[in-house]
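Number of protein chains: 2
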Amino acid sequence: MTPAFEKLQKQLRQLPGLGFRSAERIALHLLVEKPARLPELVEALQAAAATVRRCPRCGNLAEDGLCAICADERREQGVVCVVEHVPDLVAMERSGAYRGVYHVLHGRLSPIQGVRPEDLNFEALFSRVADGGVRELILALSNDVEGEATCHYLTQHLPAPANGVEVKTTRIGFGLPSGGGVLYADSVTLKSALDGRRHYE
Amino acid sequence: MTPAFEKLQKQLRQLPGLGFRSAERIALHLLVEKPARLPELVEALQAAAATVRRCPRCGNLAEDGLCAICADERREQGVVCVVEHVPDLVAMERSGAYRGVYHVLHGRLSPIQGVRPEDLNFEALFSRVADGGVRELILALSNDVEGEATCHYLTQHLPAPANGVEVKTTRIGFGLPSGGGVLYADSVTLKSALDGRRHYE
Ligand SMILES: [Zn+2]
Ligand SMILES: [Zn+2]
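Chains as they are written, first to last, in numbering that gives the first Met the number 0: chain L, 0 to 200; chain F, 0 to 200.
If you're looking for bench data, these hints aren't it; they were derived computationally from the structure. One or more of the hints may lead you astray.
Since the list gives no way to pick out one identical chain from another, each pair is judged satisfied if it fits inside one copy or across any two copies.
List time: in silico DSS-like cross-link candidates among lysine-lysine, alpha-carbon distance up to 27 Å [said to hold, decoys possible]:
| id | residue 1 | residue 2 |
| --- | --- | --- |
| 1 | K190 | K167 |
| 2 | K33 | K9 |
| 3 | K6 | K33 |
| 4 | K33 | K167 |
| 5 | K33 | K190 |
| 6 | K167 | K9 |
Model, not experiment: these values are computed from the prediction.
All chains should be modelled from the sequences, with the hints used to inform the complete structure.
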């Protein structure tokens, strides 16, 4: 086609789930079939990039102040599910099996990929625990060596809550396939994984 | 998630081939995982929207002047394949079975959807024929009532070439499933459809 068309197609191909043909189909759709949608899409991308930021409490996506989950008083604010990434949180929410809140680490420890504790969202979590607002921590990290290392680091560095409350730490485990995270697990698997969580330390 | 996130997801869902989950996955990718890609994508979209236009000769995508196919002297410029949409042309090109050029109508006649002859790219085609540069017209329009009506209109209104050359008109037909266009046909089907084209008037 044309250079600008091919550059757009190349950008689209880098998005998850889009191959050569689907990127081509979308580029044609935006340039030929429904050109009115292109500026609308650009506007939505720019608006999202300008307004979406991290929730200062949990690391989830938010706009002003706390995210919708941290701000929801019907959620059990004392039960905190620790996940690696926002899509993991989305998968948990989709399962409908969970009524607590979250903490998103935005990764997991990996000596090989050079991810160190200071690269992850640990400090905000340790503050939440130290402040005494956490009664239970559910570690929903991947069922592999790096997830294990992250769980280990986390429990080793967990501060004592100011109010002397004991924090029960469990690790989601039952049902997660070996080597896999929560992102690609279906709702039933996540439900059983939550039910089968066990004490962890 | 957040309102801006949901608006972006809604825009993405309107793109062909993207459902709720794939739109969500792409939005998360652009906002959380690879935020550096978002401005790159916006730039590619805007650049394509600003530079890509219709080829003045055939209606295909072009930037400055003629499209790459009309400008290619190795293509048989006297053999013109008439298609409904640019993606049809792309599917034909992908088959590798065709060495002529194209004419894109950008639709087909449809009394029901209110598509009239003046809404389609007929005039430029009639000019090409009148100018005497067309030796063969291959009608690669859909194998249904509207495709048939479009073929009929086209042959009824074809002007006499200035140089007295006879235009051979064929209709691609063999191999296209009933009710279907060339867009979703595989390369083998398109190859056999081209080979089996028959005289049409
Ligand atoms: Zn939050
Ligand atoms: Zn052209």
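Now the hints, each set against the structure:
With identical chains, the CA atoms of K190 and K167 are at most 27 Å apart within one copy only, with a shortest distance of 20 Å there and 66 Å across copies. For the homomeric pair K33 and K9, the shortest alpha-carbon distances inside one copy (20 Å) and between copies (15 Å) are both at most 27 Å. Taking the closest pair of Cα atoms, K6 and K33 come within 27 Å of each other both inside a single copy (19 Å) and across two copies (18 Å). Proximity of K33 to K167 under the C-alpha cut-off of 27 Å is found in neither arrangement, the shortest distances being 54 Å within a copy and 34 Å between copies.
Taking the shortest alpha-carbon separations for K33 and K190, neither the intra-copy value of 41 Å nor the inter-copy value of 29 Å comes in at or below 27 Å. Proximity of K167 to K9 under the C-alpha cut-off of 27 Å is found in neither arrangement, the shortest distances being 48 Å within a copy and 39 Å between copies.
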